[in-house]
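S.K.: Protein chains in written order, with the UniProt record's numbering: chain A, 1 to 954; chain B, 1 to 179.
Any given hint could be a false lead.
Only pairs whose alpha carbons sit at most 25 Å apart, straight line, appear in this in silico SDA-like list of lysine to any residue [unchecked claim]:
1) B:K104 - B:S79
2) A:K189 - A:K587
3) A:K359 - A:E330
4) B:K92 - B:E53
5) A:K254 - A:S230
6) A:K668 - B:P82
7) A:K536 - B:F8
8) A:K410 - B:A91
9) A:K254 - A:L224
10) A:K223 - B:F8
11) A:K363 - A:A445
12) A:K410 - B:S79
13) A:K734 - A:D666
14) B:K15 - B:P31
15) A:K107 - A:I87
16) A:K258 - B:E102
17) B:K61 - A:L228
18) A:K363 - B:N117
19) A:K410 - B:V119
20) B:K15 - A:E596
21) B:K92 - A:P320
22) B:K15 - A:W665
23) A:K576 - B:F8
24) A:K258 - B:A7
25) A:K223 - B:A7
26) A:K108 - A:R90
27) A:K223 - B:G64
28) A:K536 - B:F14
29) B:K61 - A:S230
30) A:K130 - A:K141
31) A:K223 - B:H74
32) B:K104 - A:S230
33) A:K587 - B:F32
34) B:K61 - A:N233
35) A:K254 - B:A7
36) A:K410 - B:N117
37) A:K410 - A:L352
38) A:K853 - A:E633
These aren't lab readings, by the way, just hints derived from the structure by calculation.
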Amino acid sequence: MAARGHVQDPNDRRLRPIYDYLDNGNNKMAIQQADKLLKKHKDLHCAKVLKAIGLQRTGKQDEAFTLAQEVATLEPTDDNSLQALTILYREMHRPELVTKLYEAAVKKVPLSEEYHSHLFMAYARVGEYKKMQQAGMALYKIVPKNPYYFWSVMSLVMQAISAQDEKLAQTMYLPLAERMVEKMVREEKIEAEAEVQLYFMILERLGKCVEALDVIRGPLGEKLTSELQSRENKCMMLYQRLQRWPECNSLAHKLLLKNPDDWQFYPCYFDSLFHLMDDSWTPPEEGEHCVEGSVHYTVAEVVRFVEERIKGEDSKESRPLRGPYLARLELIHRLREKGCPEESQLGEPLELMLQFFGKFGDKPCCITDLKLYLHLLSPDQHIQFINRLGEAVPLGEGGEEGFAFPEDTKALQRHLCVCQLSRALGLHHALDTDGKLRLITELKAHYHHGLQFGKTSLKTELQFSDMYCLMAAHVYIDLWKENGESNMVLQCLGLLQEGLSHSPSNAQFKLLLLLLYCHLGAFEPVVDLYSSLDAKHVQHDTIGYLLTRYAESLGQFAAASQSCNFSLRFFHSNQKDTSEYIIQAYKYGAFEKIPEFIALRSRLNQSLHFAQVRTERMLLDLFLEADIVLSLEESVKAMGLSPEEDDIPWDSIRDNRDLTVFTSWDPKDRHLTEEHRRLSLEEESVWLRIRSLTLRLLASLALLGHTPSQQNSEMANENGLDQTLQTAAQIAEKHTQYPFLGPPSTRLAPALSSGSCQCQVAALQLSVHLQELETLGLDESSELQTQICNGFKSLVVQLQEILNKCKGDLLEMKDSRLKTWPSLLEIHVFFVETVCIVFWMASYCAKVLRPLKASLQKKKKKKKDTNTPAVVCGFQEFTGSLQELLAQALEHIKGQETGMTALKLASFTLEGHTQEGSFIKAAMDKVQSSYLRSLQEVGDLLKKRAETLKNLKI
Amino acid sequence: MMTTLRAFTCDDLFKFNNMVSLIPVCQYGIPFYLQYLAHWPEYFIVAEAPGGELMGYIMGKAEGSVAREEWHGHVTALSVAPEFRRLGLAAKLMEMLEEISERKGGFFVDLFVRVSNQVAVNMYKQLGYSVYRTVIEYYSASNGEPDEDAYDMRKALSRDTEKKSIIPLPHPVRPEDIE
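Work out the full structure, taking the sequences as your base and the hints as a guide.
M.R.: As structure tokens, then:
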């Protein structure tokens, strides 16, 4: 933990047992030992700090902090105390205190390299770039080592990057950084590669590409040796930025000569050709074409170059590389785009793609490669193409069902590739229902046949034929979406469950199962599926939406909280994680990584999903606990929720979702488009805004009457909510349909159509009138009272309407097939959420009315007036209606539960006792069990709410 | 192979889904990746397909004492997505790591592999690696699997002219004995 090597120092010897206790997690003993030591040696400050660490780790934060500050105010300069305090502050998440500590230390020991360096790192941890710049220079003055100087330069670059004002960056920070480096260059003091790298970064950010090029191509550039091809890559980037097409072209083909498979240089090479043609570039009459050498400035030369690369591959003994063959297709694609007739010199795309398939059809990536160029075929060639591919697949004798199967895995891969290509050409989609069913039978037969090749595979390996299974599942989904026949989706579930049993680590099976269960309204099986995906770190951000979109809306509140927690834990650790590595990057001179780490940190902090789980987690806590476990007010306070504070970075929100996580071979016109992405983000943002405003309005409701500013923020939030609802309605009217494997729709549309949004807003708005009533009193407010009473009545009507929409069976059995109504389930959840909000409003209402009524009773005694005020009657009527509503709802849920339990899934006999049948049966059981659980959770919450009715007596 | 080979960046973490956990390979927390990026960025290379898909990556480091002729390149992770297997990508990435280690003046490149992972062991043998020693119970138990031994496999670089670094040790070692 601290310097423990110096046995000479008696203090070290005395402290050692405390360190050991702390290291072993024995905090109590550490505290005791420290106390013992402090009795004898009052001035042994470090013992105090170590005691504070023990206290901190046993949850006594306040005591720990007080003790630490006792030592800190003494401005210690001994290593032990400083290091121990650093550890303590870090554990307290107070890194800014470390800077204060070392600021004091360097004042007292101004020549200490160590303390100055700690100070620099302490600033780095909190991102104080200006102070880092100064600390770096101070260090360099004490010990003139290059790294210190360049730490200071890098801190200038960071000031430029973080500057709000780009002009300041371009005219002050970066030029200053440039001059600092130039000084070292002039004095020939440049030593390390990192220093050249930093120089390059500065020039690049200044847009000084010519200067940067000189550095890279000059003697300083020779220091760039760690990264492979570092100089060439940088030159290429600069040539492109400078639009030096001759150099671009020349360097690209030189690099392609060296490695004809390095894809990144083909696009550079082709692009440069077209630019040269556009510029009508001709070479100089004598000498080199350009500094990089010869230039290919005609289509003919480029075509020849590509053809030569292919010849090179054709004549090779070892396995050919794909690059040149694909480059030819890429060139055709580009020539066609440009309208160049030379395209035909390269050959007929259909033949070339057949040739490619001949060479690489047995590689799993053949589909990934070829699908990029399918548009080169004309639609009337599609069937011919697939037929000719089919001829190139060696299959054995036809079996019983008339299907011929591959005899080894290479043939299997080829056959699979043809299936994938047919799907990508839309040929599957063009089939009628019978055709699709036949296709499914064929794919399943191939799947089962192919399992023999993987009999000996490890559990962690995928089966060779897994993709057939996945594709058959996709065709089932096509049928389901077309005909709405739930039989198809059940068959699909059964098939995927079977697939998973043969290939337990196939993530695509798990993902698709997860999605299908969610679409059916069954979240329970999803929990295990997701956890078996073993999602780690960033994946909570990129695919976490699959969980959080459905858990709550399908009425599985416990799982919903847990899903949010998975994600939140990851996001919260991110801040700490990144600053540690920013510091390491300084130490090791990985300067180009520093802005990258910081960008990573903000990308995560600004994540849409992060904002969503933050908001939903708090809403969930309120729905589940407020006024049940703690009062709404206590809950809001415990969350530190403030009505005024909107912590969502609306303008810079990042959509980090991986929306292409599902494997798909759909044709291009069914792909997820940029427009889909945009619409999905828009929809998500509006829904998030509604939820976040609801949350903050609830906070206002809880804190009403506490601060005067409350009312203003409440008004602002209500206006915001009104406007957002209008936008929301417009978005919902668009009825955007995303591809099935793309982003899920939000809860927005059903929230509006069920009326729950409107009812929640109405409830929240009622609180404004209640405040007015509080000021006016009961005597002078008959009009307002009528208005409030009407509000009560309207809420009851609205709730009743939502409840009416819940009616109907959630599960049905038709022809021994389970049919699910997930949208009904979602309305149940909207109902219960809305009930919560209405109840909180009612509880606030009771709080307002009680004192008013009490004072009235006092008056009454004097005046003998017997009329009960309208609002009191209205409220009593209101709570009576709420009670009835809840009773009705609970009755309905009970009825559903009984009906559902009675459904005889066992009577399902279509496939008899086949294996397939048993997988379908298992899937149906899971769906049924999940629905029962959802109903139970919804019912439990309603019951708990019903119990709070007694608190509404006035 | 037809690939763009480039330095790994933090944004790649967001595109990892087809590769990292969705196939069962070792995977690490963000700190682990950042540590390598901060210290040995040149040793962290990613391969990208023309359509932008991540095909695979290699992550390594340089370590060991120069004086004791133990300065070497180490392969920490090598991963290729299932659909990009059987293209020789792993061999290409290994070749790059060896080249970087050559330039740093390493004596050899080494890596650890599960004794049971015959496919990988054979691949490394084909690439010129040989078993230098067995490390007992190097992989601790997880998911119900017991502890497992590792082979420490090595390939000499040109600086080790007499190939002293790869002479196999006669006895297995324990994890605490390796540096």
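S.K.: All hints, please: hold or fail.
M.R.: Comparing the hints with the structure gives:
1. Our distance criterion of 25 Å between C-alpha atoms is met by K104 of chain B and S79 of chain B, whose separation comes to about 23 Å.
2. For the hint linking K189 of chain A to K587 of chain A, the alpha-carbon distance of about 19 Å falls within 25 Å, and the restraint holds.
3. Using a Cα cut-off of 25 Å, the hinted pair K359 of chain A and E330 of chain A holds, with the two alpha carbons roughly 17 Å apart.
4. Proposed proximity of K92 of chain B and E53 of chain B is supported: the alpha carbons are some 17 Å apart, at most 25 Å.
5. As the CA atoms of K254 of chain A and S230 of chain A are separated by approximately 15 Å, the hinted pair is consistent with the 25 Å bound.
6. In summary, the hint linking K668 of chain A to P82 of chain B is supported, as the alpha carbons are separated by about 23 Å, within the 25 Å threshold.
7. Straight-line distance between C-alpha atoms of K536 of chain A and F8 of chain B comes to about 18 Å, which keeps the hinted pair within the 25 Å bound.
8. Note on K410 of chain A and A91 of chain B: the hinted pairing holds, with a Cα-Cα distance of about 21 Å set against a maximum of 25 Å.
9. Taking the CA atoms of K254 of chain A and L224 of chain A, the gap is about 20 Å. The hint holds against a cut of 25 Å.
10. Distance restraint check for K223 of chain A and F8 of chain B: the Cα-Cα separation of roughly 21 Å lies within the 25 Å cut-off, and the hinted pair is therefore satisfied.
11. Straight-line distance between C-alpha atoms of K363 of chain A and A445 of chain A comes to about 21 Å, which keeps the hinted pair within the 25 Å bound.
12. Annotation: proposed proximity of K410 of chain A to S79 of chain B holds, straight-line Cα distance about 22 Å (limit 25 Å).
13. Using a Cα cut-off of 25 Å, the hinted pair K734 of chain A and D666 of chain A holds, with the two alpha carbons roughly 24 Å apart.
14. Distance restraint check for K15 of chain B and P31 of chain B: the Cα-Cα separation of roughly 17 Å lies within the 25 Å cut-off, and the hinted pair is therefore satisfied.
15. For the proposed pair K107 of chain A and I87 of chain A, the alpha carbon gap of about 21 Å is at most 25 Å, so the pair holds.
16. For the hint linking K258 of chain A to E102 of chain B, the alpha-carbon distance of about 19 Å falls within 25 Å, and the restraint holds.
17. Between K61 of chain B and L228 of chain A, the direct Cα distance comes to roughly 14 Å. Compliance with the 25 Å bound is thereby established for this hinted pair.
18. Only pairs whose Cα atoms come within 25 Å are accepted, and K363 of chain A paired with N117 of chain B is accepted, the gap being roughly 22 Å.
19. With a CA separation close to 18 Å, the supplied pair K410 of chain A and V119 of chain B stays within the 25 Å bound.
20. Between the alpha carbons of K15 of chain B and E596 of chain A the distance comes to roughly 16 Å, so the proposed pair stays at or under 25 Å and holds.
21. A C-alpha spacing of about 14 Å is found between K92 of chain B and P320 of chain A, which places the hinted pair at or below 25 Å, so the restraint holds.
22. In summary, the hint linking K15 of chain B to W665 of chain A is supported, as the alpha carbons are separated by about 19 Å, within the 25 Å threshold.
23. About 22 Å separates the Cα atoms of K576 of chain A and F8 of chain B, which keeps this hinted pair within 25 Å; it holds.
24. About 19 Å separates the Cα atoms of K258 of chain A and A7 of chain B, which keeps this hinted pair within 25 Å; it holds.
25. Under the criterion of a C-alpha separation no larger than 25 Å, the hint pairing K223 of chain A with A7 of chain B is consistent with the structure, at around 18 Å.
26. Using a Cα cut-off of 25 Å, the hinted pair K108 of chain A and R90 of chain A holds, with the two alpha carbons roughly 23 Å apart.
27. Distance check on the hinted pair: K223 of chain A and G64 of chain B sit about 23 Å apart at the alpha-carbon level, within 25 Å; holds.
28. The hinted pair formed by K536 of chain A and F14 of chain B meets the criterion: a straight-line CA distance of about 11 Å does not exceed 25 Å.
29. Using a Cα cut-off of 25 Å, the hinted pair K61 of chain B and S230 of chain A holds, with the two alpha carbons roughly 18 Å apart.
30. Straight-line distance between C-alpha atoms of K130 of chain A and K141 of chain A comes to about 17 Å, which keeps the hinted pair within the 25 Å bound.
31. For the proposed pair K223 of chain A and H74 of chain B, the alpha carbon gap of about 23 Å is at most 25 Å, so the pair holds.
32. This hinted pair checks out: K104 of chain B and S230 of chain A have alpha carbons roughly 15 Å apart, not beyond 25 Å.
33. About 17 Å separates the Cα atoms of K587 of chain A and F32 of chain B, which keeps this hinted pair within 25 Å; it holds.
34. Distance hint between K61 of chain B and N233 of chain A is fulfilled; the C-alpha atoms sit about 22 Å from each other, no more than 25 Å.
35. About 21 Å separates the Cα atoms of K254 of chain A and A7 of chain B, which keeps this hinted pair within 25 Å; it holds.
36. Restraint check for K410 of chain A and N117 of chain B: the C-alpha separation of about 22 Å stays at or below 25 Å, so the hint holds.
37. Taken as a hint, the K410 of chain A and L352 of chain A pair is honoured in the structure, with Cα atoms around 21 Å apart against an allowance of 25 Å.
38. Distance check on the hinted pair: K853 of chain A and E633 of chain A sit about 23 Å apart at the alpha-carbon level, within 25 Å; holds.
Violated hints for the displayed structure: none, as all numbered hints are satisfied.
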